[in-house]
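Model the placement of chain B on the given structure of chain A, informed by the hints.
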Amino acid sequence: NAGVTQTPKFQVLKTGQSMTLQCAQDMNHEYMSWYRQDPGMGLRLIHYSVGAGITDQGEVPNGYNVSRSTTEDFPLRLLSAAPSQTSVYFCASSRAGEYQPQHFGDGTRLSIL
Amino acid sequence: SQKIEQNSEALNIQEGKTATLTCNYTNYSPAYLQWYRQDPGRGPVFLLLIRENEKEKRKERLKVTFDTTLKQSLFHITASQPADSATYLCALGDNDMRFGAGTRLTVKP
Chain A
1 NAGVTQTPKF
11 QVLKTGQSMT
21 LQCAQDMNHE
31 YMSWYRQDPG
41 MGLRLIHYSV
51 GAGITDQGEV
61 PNGYNVSRST
71 TEDFPLRLLS
81 AAPSQTSVYF
91 CASSRAGEYQ
101 PQHFGDGTRL
111 SIL
Chain B
1 SQKIEQNSEA
11 LNIQEGKTAT
21 LTCNYTNYSP
31 AYLQWYRQDP
41 GRGPVFLLLI
51 RENEKEKRKE
61 RLKVTFDTTL
71 KQSLFHITAS
81 QPADSATYLC
91 ALGDNDMRFG
101 AGTRLTVKP
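Top to bottom, those sequences are chains A and B. Residue 32 in the working numbering sits at position 32 of the first sequence; the count goes up by one each step and never skips. Residue 95 in the working numbering sits at position 95 of the second sequence; the count goes up by one each step and never skips.
Just so you know, the hints here were simulated from the structure itself, not pulled from any lab data. Even glycine gets a Cβ: it sits at the ideal position worked out from N, Cα and C. One or more of the hints may lead you astray.
What the hints assert, rightly or not - List of simulated lysine to any residue pairs, SDA-like, C-alpha gap at most 25 Å: (1) A/Lys9 with B/Ser85; (2) B/Lys71 with A/Gly42; (3) B/Lys3 with B/Arg104; (4) A/Lys9 with B/Gly41; (5) B/Lys17 with B/Thr65; (6) A/Lys9 with A/Gly42; (7) B/Lys3 with A/Pro61; (8) A/Lys9 with A/Gln85; (9) B/Lys17 with B/Leu48; (10) B/Lys57 with A/His103; (11) B/Lys3 with A/Met41; (12) B/Lys3 with A/Gly63; (13) B/Lys57 with B/Lys71; (14) B/Lys3 with A/Val60.
Unchecked claim - Facing chain A, according to a computed beta carbon distance under 10 Å, are these residues of chain B, among others: (15) Gly43; (16) Phe99; (17) Ala101.
What the hints assert, rightly or not - A few chain B residues that don't get close to chain A, going by computed Cβ distances all over 12 Å: (18) Glu15; (19) Lys17; (20) Thr18; (21) Thr22; (22) Thr26; (23) Lys55; (24) Glu60; (25) Leu62; (26) Lys63; (27) Leu70; (28) Lys71; (29) Gln72; (30) His76; (31) Pro82; (32) Pro109.
So here's chain A without its partners, still in its complex pose:
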């Protein structure tokens, strides 16, 4: 039972490069989300999706794009990486509705030079 799988685990980019962070879950969860975690600032919500074909912005969406073509996958795209996007990125999933715990992947550590 893999749960939430994020790839890659580590990545170094140059400013201006583009990249897609992958997230896949095998629990048939309707809800998926992306967070970034920076020291002293905790987890901040970037984008989320309540089902295939539906996405919405979170607290810090600028500079990131998402799409949800299948229930299992929720990729996060950086179109033109900036040093301010250096962070650890976490993907999470859960069943839809209230009172549902989030299941997290182990993160992608991204450095932008």
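Okay, now just chain B, sitting in the frame of chain A:
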């Protein structure tokens, strides 16, 4: 604006003592609140959920309280062990779930 504050960045306690972590929130009216544990280099792991109509919830050595008047949740670990050392996060919200910055707990033998 909405805020979730975990009062202590770090908490150091002796093994066997009770650790108490605080989560305060403003401009929310949450139906429930969640607590997570995060170890270095790993994603958060869900521990407990408490609903607004529940004053207290227990799971083994863990206890959570939820005071909607004070807008506060307390997270207790009784008989703490060095293996309890981790960062603990509180979280509020539904589709747009928001997290506090976390409290790093260190339990010393």
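How the hints compare with the structure:
1. Restraint check for lysine 9 of chain A and serine 85 of chain B: the C-alpha separation of about 24 Å stays at or below 25 Å, so the hint holds.
2. A hinted pair counts as satisfied when its Cα atoms are at most 25 Å apart, and lysine 71 of chain B with glycine 42 of chain A qualifies at roughly 20 Å.
3. A hinted pair counts as satisfied when its Cα atoms are at most 25 Å apart, and lysine 3 of chain B with arginine 104 of chain B qualifies at roughly 19 Å.
4. Between the alpha carbons of lysine 9 of chain A and glycine 41 of chain B the distance comes to roughly 10 Å, so the proposed pair stays at or under 25 Å and holds.
5. A threshold of 25 Å between alpha carbons decides the hint, and for lysine 17 of chain B with threonine 65 of chain B the separation of about 18 Å falls inside it, so the pair holds.
6. At most 25 Å may separate the alpha-carbon atoms for a hinted pair to count; lysine 9 of chain A and glycine 42 of chain A meet this at roughly 19 Å.
7. Among the hinted pairs, lysine 3 of chain B with proline 61 of chain A is consistent with the structure: their alpha-carbon atoms are about 18 Å apart, no more than 25 Å.
8. Of the pairs offered as hints, the one joining lysine 9 of chain A and glutamine 85 of chain A holds, with about 16 Å between alpha carbons and a cut-off of 25 Å not exceeded.
9. A C-alpha spacing of about 20 Å is found between lysine 17 of chain B and leucine 48 of chain B, which places the hinted pair at or below 25 Å, so the restraint holds.
10. The suggested pairing of lysine 57 of chain B with histidine 103 of chain A holds, with an alpha-carbon distance near 20 Å, which does not exceed 25 Å.
11. As the CA atoms of lysine 3 of chain B and methionine 41 of chain A are separated by approximately 12 Å, the hinted pair is consistent with the 25 Å bound.
12. Proximity of lysine 3 of chain B to glycine 63 of chain A is assessed by CA-CA distance (about 23 Å); at most 25 Å being required, the pair is judged to hold.
13. The hinted pair formed by lysine 57 of chain B and lysine 71 of chain B meets the criterion: a straight-line CA distance of about 16 Å does not exceed 25 Å.
14. Taken as a hint, the lysine 3 of chain B and valine 60 of chain A pair is honoured in the structure, with Cα atoms around 15 Å apart against an allowance of 25 Å.
15. Interface hint at glycine 43 of chain B: satisfied, since its Cβ lies 3 Å from the closest Cβ of chain A, which is below the 10 Å cut-off.
16. With a cut of 10 Å, the hint placing phenylalanine 99 of chain B at the interface with chain A holds, because the nearest CB-to-CB distance is about 4 Å.
17. Taking 10 Å as the C-beta contact cut-off toward chain A, the hint placing alanine 101 of chain B at the interface holds, the least distance being around 4 Å.
18. With a least CB separation of 27 Å from chain A, glutamate 15 of chain B remains clear of the 12 Å interface cut-off, as annotated.
19. With a cut of 12 Å on Cβ distances, lysine 17 of chain B stays outside the contact zone with chain A, its closest approach being about 26 Å.
20. Threonine 18 of chain B, annotated as away from the interface, keeps every beta carbon of chain A farther than 12 Å; the closest lies near 24 Å.
21. Distance check on threonine 22 of chain B: its Cβ is at least 15 Å (rounded) from any Cβ of chain A, clearing the 12 Å threshold; non-interface status holds.
22. Listed as a non-interface residue, threonine 26 of chain B keeps its Cβ farther than 12 Å from every Cβ of chain A; the least gap is roughly 15 Å.
23. With a closest Cβ-Cβ approach of about 17 Å to chain A, lysine 55 of chain B is found to remain outside the 12 Å limit, as its non-interface label requires.
24. Residue-level check passed: glutamate 60 of chain B sits 16 Å from the nearest beta carbon of chain A, beyond 12 Å.
25. At the 12 Å boundary, the C-beta of leucine 62 of chain B stays outside the reach of chain A, the nearest C-beta of that chain being 14 Å off.
26. At roughly 18 Å from the closest C-beta of chain A, the C-beta of lysine 63 of chain B stays outside 12 Å, upholding its exclusion from the interface.
27. For leucine 70 of chain B, the non-interface assignment is confirmed: its Cβ lies about 21 Å from the closest Cβ of chain A, beyond the 12 Å cut-off.
28. For lysine 71 of chain B, the requirement that its beta carbon stay farther than 12 Å from each beta carbon of chain A is met, with the minimum near 18 Å.
29. Look at glutamine 72 of chain B: its CB is around 17 Å from the nearest CB on chain A, clear of 12 Å, so calling it non-interface holds up.
30. No Cβ of chain A comes within 12 Å of the Cβ of histidine 76 of chain B; the nearest lies about 19 Å off, and the non-interface call holds.
31. Separation of proline 82 of chain B from chain A is adequate, the least Cβ-Cβ distance of about 22 Å exceeding the 12 Å criterion.
32. Interface exclusion of proline 109 of chain B from chain A stands, the closest Cβ pair being 27 Å apart, more than 12 Å.
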